[in-house]
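Novice: So the chains spell out like this:
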Amino acid sequence: MSATAAIRTGPLLSVEDLRVSFRTEDGVLQAVDGVSFELGSGEVLAIVGESGSGKSVTAQTVMGLTRAPNSRIEGSVRYGGKDLNELDDEALRRLRGDEIAMVFQDPMTSLNPVYRVGDQIVEGIRAHRDISEDEAWTRSVELLRLVGIPNPEQRARNYPYEFSGGMRQRAMIAMALSLEPEILIADEPSTALDVTIQAQILQLVEELNRDRDLAVILITHDLGVVAEVADRVIVMYAGQIVEHGTLDEIFYDPQHPYTWGLLGSLTRLDQPRPKRLPQISGQPPSLLAPPSGCRFRPRCPHAFEACGELPPLEVRLGAGSEHSDRCWLDPAEKKEKREVEGRIGLEVPA
Amino acid sequence: MTFAIIFGYLSAVRAGQFTDRALTILALIGISMPVFWLAAILLYYLTSKLQLFPPGSYVPLSEDPLEWLNHLILPWITLAVLFIGFYSRVLRSNMLDVMNEDYVRTARAKGLSERRVRIRHVLRNSLIPIITLFGLDFGAVVGGAAILTETVYNIPGVGLYAGEAIGTLDLPPLMGVTMFGAFFIVFFNTIVDIVYAYLDPRIRLGTAAPA
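Chains as they are written, first to last, in numbering that gives the first Met the number 0: chain A, 0 to 349; chain B, 0 to 210.
Bound conformation, chain A alone (with noise of 0.2 Å):
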């Protein structure tokens, strides 16, 4: 959370009003619909949301990695005086895994099965410098060395299959860090990892950013994982932002009521234990056909007349606060509306 100063020097990246849609068979798809945001340099921004909100195309789009014949992208993505949009797949490859690098979420399938392991981090590197494979095999040592492998002389002439889930994401964000990228584009980086392995990423990721001012993009939904480690999150919820603020805005003072649902689902240990754990009911909309008006009041139990217009994510907490939301309710009555039990929530649970 060191990242205050850096951002006020002018953001390192910025995603201005960013669409994405895909042609299906079943009609075109708008997986990403309107999202601006900035990160500073050394910045951790969190994206969270639900499976199908539109956060991990969003980060695949940054990396240009959404292009395809059946999908259309609009808005900008500006990095270092570029718009990675406009780029062509040349400019775009050199860019990609030296400047922007990306960890996914499924280590057991992320990496090739049929090379070795150092011989991927190997090709990644060679793929932007112009260094020996002798000279490259020592750097990717080095990198699996600092990621916490052990044993990296012998690890590195392993295959994936030989390694361990949360050795094989270790190798990727080795591969990610082999070429000292300006940002880490991170996709449920601990999604398939059990608990223990999770905190141990985290920590990698959050060393990273600290020592080498490393800038995150995290995807995730754990809203645990965005506690750890964030400077800024971004709500997301059916292709759109709902809410961004500072990690202690969207943990203290929530103005979505998606954000409460979010909240109000998770377990705290600090708390008694609640008879059901509380869940926001009904499905994410259908991205092919969104709800009209705010897209989450079908499932909103505050909805109102107003809801029947879409909320624009502005500022609603007067001047001087940057902490944004989509929301018609006043922050007064939010605040109301938010306590259930004795703690920020969506609804009693059934």
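Calculated directly from the structure, the hints in this document are not laboratory data. Hints may be right or wrong, so weigh each one.
[Stated by the list, open to error] Counterexamples of contact, computed for chain B against chain A with all Cβ distances above 10 Å: (1) N69; (2) I129; (3) D136; (4) T177; (5) F179.
[Stated by the list, open to error] Covered by chain B, per the in silico footprint, the following chain A stretches (three or more residues, Cβ under 8 Å): (6) 85-97; (7) 106-113; (8) 123-137.
[Said to hold, decoys possible] Label-pair distances were calculated between CB atoms; the ranges are: (9) A:P289 to B:A21: 32 to 42 Å; (10) B:N99 to A:Q202: 29 to 39 Å; (11) B:L27 to A:L276: 47 to 57 Å; (12) A:A67 to B:S92: 11 to 21 Å; (13) A:G223 to B:F186: 55 to 65 Å; (14) B:L27 to A:T137: 48 to 58 Å.
Even glycine gets a Cβ: it sits at the ideal position worked out from N, Cα and C.
Given chain A, put chain B in place with the hints provided.
Specialist: What follows is chain B alone, placed relative to chain A:
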């Protein structure tokens, strides 16, 4: 085999585009074409009409290697057409499957060129099922499954031998041919297994793999 890989690769890379459609049609024609018909047509046009190749029969390799080659080109083409069509279809669908794998996305995210991604990461993983088929088919062809081709071109091969034996209800040679075919299928399977281990390290034995 080489053509099959090139065609399948092109077809997968240009999936949905014109090249892919054209190759699909070619492959389907290749698969559907009856071997005896294709052989007869080739014989008629390329040997009788154009006189490019000698008609039928066979010259042993030990007598005249060039003539041997010259006599075998047509039968080879005939056999290959079927297999090219078949393998390129299988390779195409395999490659399209593999392209959706997470590690291919990782490879792209590393900033590898599209070509490198396709050849190193997609093609190699797609070849494994092809190798299986190839081993079986090759064994079968050597072991006498080329009976139609051999008959039309009048090559004194195992297939023709078996064909004649069937015609005269001569059982012992048939049993011999069957054994011979079985031997080659097993033999090529072994070779396929060895190639597997090269292509996919997970298949290598010896050290116990952790789950």
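Novice: Determine for every hint whether it applies to the structure shown.
Specialist: Hint check results:
1. N69: holds (41 Å)
2. I129: Correct as stated: the minimum Cβ-Cβ distance to chain A is 15 Å, above 10 Å.
3. D136: holds (24 Å)
4. T177: Non-interface label on T177 (chain B) holds, nearest chain A Cβ at 37 Å vs cutoff 10 Å.
5. F179: holds (35 Å)
6. 85-97: As far as the region 85-97 of chain A goes, the hint holds, because 8 residues have Cβ atoms under 8 Å from chain B.
7. 106-113: Per the Cβ count (6), the hint holds.
8. 123-137: holds (count 3)
9. A:P289 to B:A21: 32 to 42 Å: Given a distance of about 40 Å, which is inside 32 to 42 Å, the answer is holds.
10. B:N99 to A:Q202: 29 to 39 Å: This hint holds: roughly 32 Å between Cβ atoms.
11. B:L27 to A:L276: 47 to 57 Å: Holds - the Cβ-Cβ distance for L27 (chain B) and L276 (chain A), about 56 Å, lies within 47 to 57 Å.
12. A:A67 to B:S92: 11 to 21 Å: holds (18 Å)
13. A:G223 to B:F186: 55 to 65 Å: Given about 58 Å between the Cβ atoms, the range holds.
14. B:L27 to A:T137: 48 to 58 Å: holds (51 Å)
Against the hints set out earlier in the document, no violation occurs for any number.
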